[in-house]
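**Student:** Read off the chains here:
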Amino acid sequence: MANESILSVKDLRVRFRTLDGVVDAVKGINLNVRAGETVAVVGESGSGKSQTMMAAMNLLASNGEATGAVEYRGKNLLTLSKQELNKVRGRKITMIFQEPMTSLDPLYTIGNQLMEPIMRHRGLGAAQARAEALRLLELVKIPDPERRLKSYPHEMSGGQRQRVMIAMALANDPDILIADEPTTALDVTIQAQILALLAELQRKLGMAIVFITHDLGIVRRFADRVYVMRSGEVVEEGQADELFANPQHPYTKMLLAAEPTGRKAPPPGNAPILLEGRNVEVEFKIGGGFLAGPPMLLKAVDRISVTLKRGQTIGIVGESGSGKSTLGRALLRLLPSEGSIRFGSHDLSKADRSDMRPLRRELQLVFQDPFGSLSPRMTVGQIITEGLLVHEPSLSGKERDARAVEALREVGLDPAMRNRYPHEFSGGQRQRIAIARAMILKPKVVVLDEPTSALDRSVQKQIVELLRNLQADHDLSYLFISHDLAVVRAMSDYIIVMKQGKIVEEGPTEEIFGDPREPYTKTLMAAAIDETKFRQSV
Amino acid sequence: MFLYVFRRLLTAIPTMFVIVTLAFFLIRVAPGGPFNQERGLSPEIKANLEAQFGLNDPLWLQYVNYLKNLLHGNFGPSYNLPDFTVTELFAKGLPISIQLGASALALALIVGTVLGIVAALNQNKLGDYSVIALATAGSTIPTFVVAPVIQLLFGLTWMLLPIGGWGDGALINKIGPIITLSLPQIAIVARLMRGSMIESLRSNHIRTARALGLSDWSVVVKHALRGAVLPIVSYAGPAAAALLTGSIIVETIFAIPGIGRYFVDAALNRDYTLVMGTVVLIALFTIAFNLIVDVLYAFFDPRVRYD
Amino acid sequence: MTDTVVAAPVVGRSLWGDAWARLKANKAAMFSLYYLVFMAVVCVVGPYFVPHQYTTIYADYVRTPPSLSAYPKTEMIETALSDVVKRMRVDLKEWKQEGEQVFMTLASTKPIDERNVRYIDRSDTFDGGKVESKSADGLSMVVSASIKQQYFFFGTDNVGRDQLSRTLMAGRISLAIGLLAGVVAVVIGVVYGATAGFMGGKTDEVMMRIVDVLYSLPFIFFVIMLVVFFGRNFVLMFLAVGAVLWLDMARIVRGQALSIRRQEYVQAAEALGVRSRGIVQRHVIPNLLGPVVIYMTLLVPQVIILESFLSFLGLGVQEPMTSWGVLISVGAKNIGTANWLLLFPAFFLVSTLFALNFIGDGLRDALDPKDR
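Protein chains in written order, with this note's numbering: chain A, 1 to 538; chain B, 1 to 307; chain C, 1 to 372.
Please note that a few of the clues may not be correct.
Some chain B residues near chain A, calculated using beta-carbon distances under 10 Å [stated by the list, open to error]: (1) Pro-82; (2) Thr-85; (3) Gln-123; (4) Asn-124; (5) Ser-203; (6) Arg-226; (7) Arg-303.
Keep in mind that the hints were calculated from the coordinates and are not lab data. Just so it is clear, CB atoms sit at the ideal spot from N, CA and C, and this is done for glycine as well.
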């Protein structure tokens, strides 16, 4: 029974008609899923891993088209009539998605949405379906399920919504659960909980799980077998432990080596203090207005002190909403804040915009989103030299151009590309452009706000290396803000853990990772620990 | 919810006040008066009339008096139709305008929504293109072209409909005006509906519903449509206010005795009270329908809560 | 820098370039663009080539239906003749047509004054009246005249003016007004909206509150007040109409400005220490242009419709000057007897509006390519 293949994808091709012509997303792949096993389909963005499963479920966007065959117990899902398909879809094969915040219908209660597939596929009455829904909510460990049946999705957190999605997917005891990046949008600690839940449910219910993921940590922990995909093709497949131990294809090898490695040594003890914040506080007003009562005050950053020395990298770690990005901006005086901030001999806490202007060249910022942070209508050359217009206005156009060439070389881009526009570059290249824009001013302190989070692992690694080289060459100090512990560990020599605007724990990197004291830090580390172990084993 | 409605009504008061004040003084600073258009009135009669209506009082006093009357629900007498008060004119014309406007709105909402859904479900196919073509035509061809063409075709050439007139509200007299009024609205509603339905059909929760193997009916009607009608609800508010207060073009061309024509005639004749009455009426309708829409919105969307 | 030899920079394709390429690929939009240019040229240049002035009244040709062949038609000659003869106060005994010439035998109880022949020349139908022969007593004479060939491709209106030249003249006015008021509305809207969007905070709140109040006043109220104030001077009036239509533009621009301000590339510029002026110049204006251009193309047809609407009510352009709205209004009143008075200007107006619409849609798809 265990070896029976229940889902087989044969020579599947997926193409999309777009404004710029036909794009081949999946180029004739074969894969099998056996009853009860866990299969991982691994790849970076654009590898076609999601589209493969969307095609299998007949969920492609309207401009997409699939050919080949996807056979479930002998029936080709691609050619079934809608009625026949819907007897399989949602009943025998179900799917959960990456976006828990938007994957539930905002206009109906959780109970209503849970009961609908039960009633449809099992023909139960409303009362029985409700009892089933309740049982399912208990199964996925949602507290107070009775009350939650009446809740709307917007009243629940992302993790809870993903649990509801899982409950809906498992409602009809499926053979196969396809999980499309089910934890990517969630915070690390929640990720761990959801993955544990999936593993437990699989033990209990015995369905096969297809994990679509970019995260090798998940693959290693859960998968029996792995398919590695790259630009629409399967480049390697095999048993998980064999593949990890002895990868054959160079792309697989590259992926496995893509986790950032290395450690940063702390700066010498006598390194001068560059940037120092004492009891920094940032408050946001929420709501309020005419007849709406006084606004709510939210302390995004609550009395935090940071000391950054020359050549140091402080990693600021926390989950979304912890206030880590706000702290970074407040330290650069891009947001009004309370408390004192000193940069060298300057007191920044009283500086206004014009006082700050000359200091800006020494205090730079790199953003998370390499698509949003570059002005779409300027050429790359114009973008990276914009700071020079402010800080070295005497430069001629030719001199600025020369500096742009130099800066692009430094970040590893071809200077001949400087007259191109941002949309003509990939995510990693764009992030290099954003770094070049900061570096051209020869700053002393750079705040890096999740600079690698929007990038694929293999690109992340290159950016981390680039940042480290730049730091060594120019004796830079970094404030490295990230939720990604692997990257933070490779970049920083000192770590601050934040939660709800406060510092939970801080200390040298090895201490925090090796011997976390606070329970919150421990959960955070536990979520990342498997990955770390795995990385050491490679 | 009650509190919210109460609060909204409360904020409507200053808005109304500003509108009334602005309109009052604007029309007064305009040159001319109700009795010195080329009417051939002798100076004595003119003076008498002006005295009778208090037009010789200082402007601020007239303003205060007008506000006082307004608070008692009294719009005053019409200067140009001296046998009627403004309220009487409204009582006669408003039901007619409302009948036509409400029918046109209902027609537009039903037909427009259906067309929009059809287009969205057949995106980039023949059905979609036909709806887009129809919507483009409906929103591009102005009313004052549509109305005479309808008269020409249905009234004169094929003799199916009367060319105009109200005919004591006979159905056959209403068909032309209602079609003319509703065509552009159908076009707008269909476009809005198509856009929001396509967006709704693309949303992640529809993908979930499909992945769960729900029926097409449930996917389209229960999950996609309910979210997609929200923009239509928002649009319907101001549209209702505009339609129910009459259309000058349609009422002129089809010779319908509604209130749509009062406004322009009154403004040109400086019939101050009638102008003011119309402004107040339109503003009241606008405020009321916007409020109704917001309340309706909360019924459609559980994320919207007023408290 | 060690090596100064750098490969010549590759020229990138800007978003504007992309948009232009997409627009060129859009057949409906390009056809509309050509059509609009054609329409503009025809309306501006056309009247010089039409043999009739848009103000000239042809008393013999009141409400003449459109025709591709020349007037007068045979049956019209006799009516015109009897008209002329009546004015000459003589009787027409007989007449015959030979090619382009008519010969008429006139009789009267009194001797006929030869100078009366000038009445023939005054007619719109005949030309070159000439006495051929005269009886001895002067009581009868044979007069010849050539028939004036006239073309009325679009027919004539109620008072006998050429509908073609009037439609073209009307097009000039309607298009000019659309452009003029459109530009006024865009300028006011952009300046107001951008100011509100940039100042933000209290200023923004107050400025937008004012817009809200103006919105809640009936739109037609404004327009009529403006007509009342500015009288019937159309330039002033349409400046004023433009000044009313800026509300939407202001809202759009403010919304865009607010959203651009929140973009990370603006934050990045602030982090570089770029002054407000530089941010506006290099980041905000280029990114605002797209929506402004799109809205402008949608605004021009709105203005044209508004102008027609006002003219329809008799508040807009005044006789003898004309616009499509004026012509349609006349046409609507005469649909029973002369439907060409409605159909030609309506076709011109509607086809122009369609073209503008398709261009607007095309621009929107080109500048903001979310697939439809």
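**Student:** Against the structure shown, which of the earlier numbered hints fail to hold, in ascending order?
**Tutor:** 1 and 2
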